[in-house]
Amino acid sequence: MLILKNLLRRRTRTILSTLGIALGIAAIIAFNAVGRGFKESLDRYMRSTGAEVLVVNRSAMAPEYSRISKEEVDQVRALPGVEHLSPGTFTIISGRVLRKPKIKFLTVFGRVPGDRLIEKFKGSLEGRLFQADDEMILGSDAARDLELRPGDTLELLHHPLKVVGIYKSDVKFESAGCVVPSSMIQQEMKMGDSVGLFWLYLKPGTDWKGLRTLIEEKCPNLAAIQTSEFTAYYNQLDYIDWFVWIVSLISVVVGGLGVLNTMLMSVSERTREIGTLRAVGWSRGQVLRLILTEGILISIIGGCLGLLLGTFGAETLIHWAPRGLDTRYSGLLLTQGFLIAVALGFFGALYPAWQASRLSPIEALKYE
Amino acid sequence: MSEPAIRTKDLVKRYDRAGITALAGVSIDVERGHFLCIMGPSGSGKSTLLHLVGALDVPSSGEVMLNGRSLATERNLDVVRAREVGFIFQLHNLIPTLTSVENVEIPMMAVGVARRERKERAVQLLTEVGLSHRLDSIATRLSGGERQRVSIARALANRPSVILADEPTGDVDSKTGDQIMACIQAARKKSGATLVVVTHNPDLSRGADRTLHMKDGLLQ
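Chains as they are written, first to last, in my numbering: chain V, 11 to 378; chain A, 322 to 541.
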């Protein structure tokens with residue numbers, strides 16, 4: 011009764027403090043959900059290729075900057091253990107270039123007509139796969155934003171391309187992109203006959219580590235990565251984690267300071283009351299627990315609100331952000347968010363609680 | 322002969338920072354169930370004496386014994402305040418956001434009385450001090466006299482052996498003051514507790530078993 015009434019006594023301050031915690035936790039949940047969602051999208055995309063190995067140029071910071079010559083492609087294709095090699099190119103086109111204001115950018119995947127990599131779309135395709143150099147297929151999100159249907163034409167990289175099919179994908183950036191013949195990207199990006207990267211489908215029983223050694227011996231500027239290890243390999247994805255970590259840290263500090271400020275003010279205003287509690291027999295520990303519980307209660311309410319706001323915020327973020335972002339929530343993330351909130355309440359209230367418990371009853375009763 | 326309820330020996334209290342000696346060696350005995358009135362002007366040391374007897378503060382030297390036990394050897398003065406002593410303050414010091422019943426429950430929470438029993442006892446005590454119609458009123462909505470009655474009920478909550486009242490009528494008019502004092506006396510008689518009242522109002526000494534006067538930290 012005392013705890014609730016104390017918190018309700020200064021409603022605005024309690025609400026603001028609760029909101030401080032809630033926004034901090036919401037930021038942690040939202041940025042983590044989007045960050046993890048993006049990384050998981052990449053993993054899902056890699057799994058969806060069905061290939062075991064991805065090969066990129068070792069010196070490229072990211073796959074979009076990777077270049078691999080035709081000679082290197084042919085050398086790897088001829089290695090024992092390689093059942094099939096699927097080359098790919100990749101670029102991103104701004105929505106302004108496309109003169110399509112509804113989209114911020116379009117991810118363009120270059121593939122070889124008839125290759126195994128585009129066979130995966132067959133199951134969800136409306137229309138057909140492309141067969142000629144002036145045809146393309148569009149992801150369902152991109153088709154909706156571009157307001158295109160099979161049979162329509164899209165001017166892309168100075169080429170009018172006929173949309174022959176619309177595919178669905180559970181990978182957001184793929185669903186918000188399109189697949190065109192690789193030759194068109196090679197021509198427009200002045201790549202000659204080189205490719206950006208390629209996937210390897212291995213013969214059963216092939217030792218992938220042995221194959222990696224072979225690839226890297228024959229072509230020292232190539233790096234072979236297991237598709238299941240893609241996000242671990244590209245350490246620039248760690249920047250996402252760093253960003254999330256820094257935002258989380260700032261949120262935690264702000265939320266903690268909010269609770270600290272609220273509880274310090276509360277203790278200061280209630281000095282005489284704390285003196286009364288001590289005078290009628292409350293122990294230091296009981297006073298400490300009273301103030302701590304008030305802080306923790308604020309943080310529990312703030313934490314629950316933060317989980318809701320964070321989920322809503324992440325979904326709003328990916329709704330308004332350029333298409334292709336995804337979210338991922340896990341029980342662990344939500345539990346972590348909640349526990350951080352409780353810890354904020356505990357540590358934010360710890361000093362004020364300690365201060366309150368140290369008050370001499372007689373000094374507190376004399377406090378004006 | 323049994324031990325007195327309260328015994329002080331050469332009690333001294335100095336405030337070194339301010340260079341003040343509030344008590345300069347006070348020795349008193351108060352028999353169990355007696356009513357002692359301590360009178361004196363402001364600054365005479367009477368409230369300081371009450372605070373030391375009630376374990377709210379510790380003496381610079383000398384000793385306080387409650388029911389034969391020295392407070393100097395008590396490991397936990399919180400327990401002494403909770404179980405042995407009931408305080409009635411001049412400004413009642415109620416928690417403003419709580420109801421009358423909840424305020425009376427506060428000392429019982431200190432000693433872990435179960436919620437149901439707390440409430441039953443609080444209602445009974447408030448009824449005894451004539452506040453059965455104000456059980457669920459928030460403290461800030463009570464009159465000065467009503468607040469002091471709640472304070473009396475709170476002081477009796479843990480059935481203390483000693484009731485200490487510091488200017489209990491100082492914040493109310495004389496008519497209400499008489500009612501408050503009658504209420505305290507009735508509570509004392511019913512509970513059998515020892516009562517010490519400090520005041521500068523001579524009217525409050527009516528009915529006292531003994532009246533002492535203090536000046537400059539000494540008994541006169």
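Hint data in this document are derived by calculation from the structure and do not stem from the laboratory. Do not take every clue at face value.
[Said to hold, decoys possible] Here are the simulated lysine-lysine pairs, BS3-like style, with alpha carbons at most 30 Å apart:
1. 376/V with 80/V
2. 114/V with 178/V
3. 536/A with 330/A
4. 172/V with 213/V
5. 15/V with 330/A
6. 496/A with 536/A
7. 172/V with 536/A
8. 178/V with 228/V
9. 110/V with 15/V
10. 330/A with 219/V
11. 112/V with 132/V
12. 376/V with 536/A
It should be emphasised that the depicted structure is a prediction, and the values quoted were computed from it without experimental measurement.
Out of the numbered hints, which ones does the structure contradict? Going through the list in order, the structure violates hints 1, 4, 5, 7, 8, 9 and 10 and respects the others.
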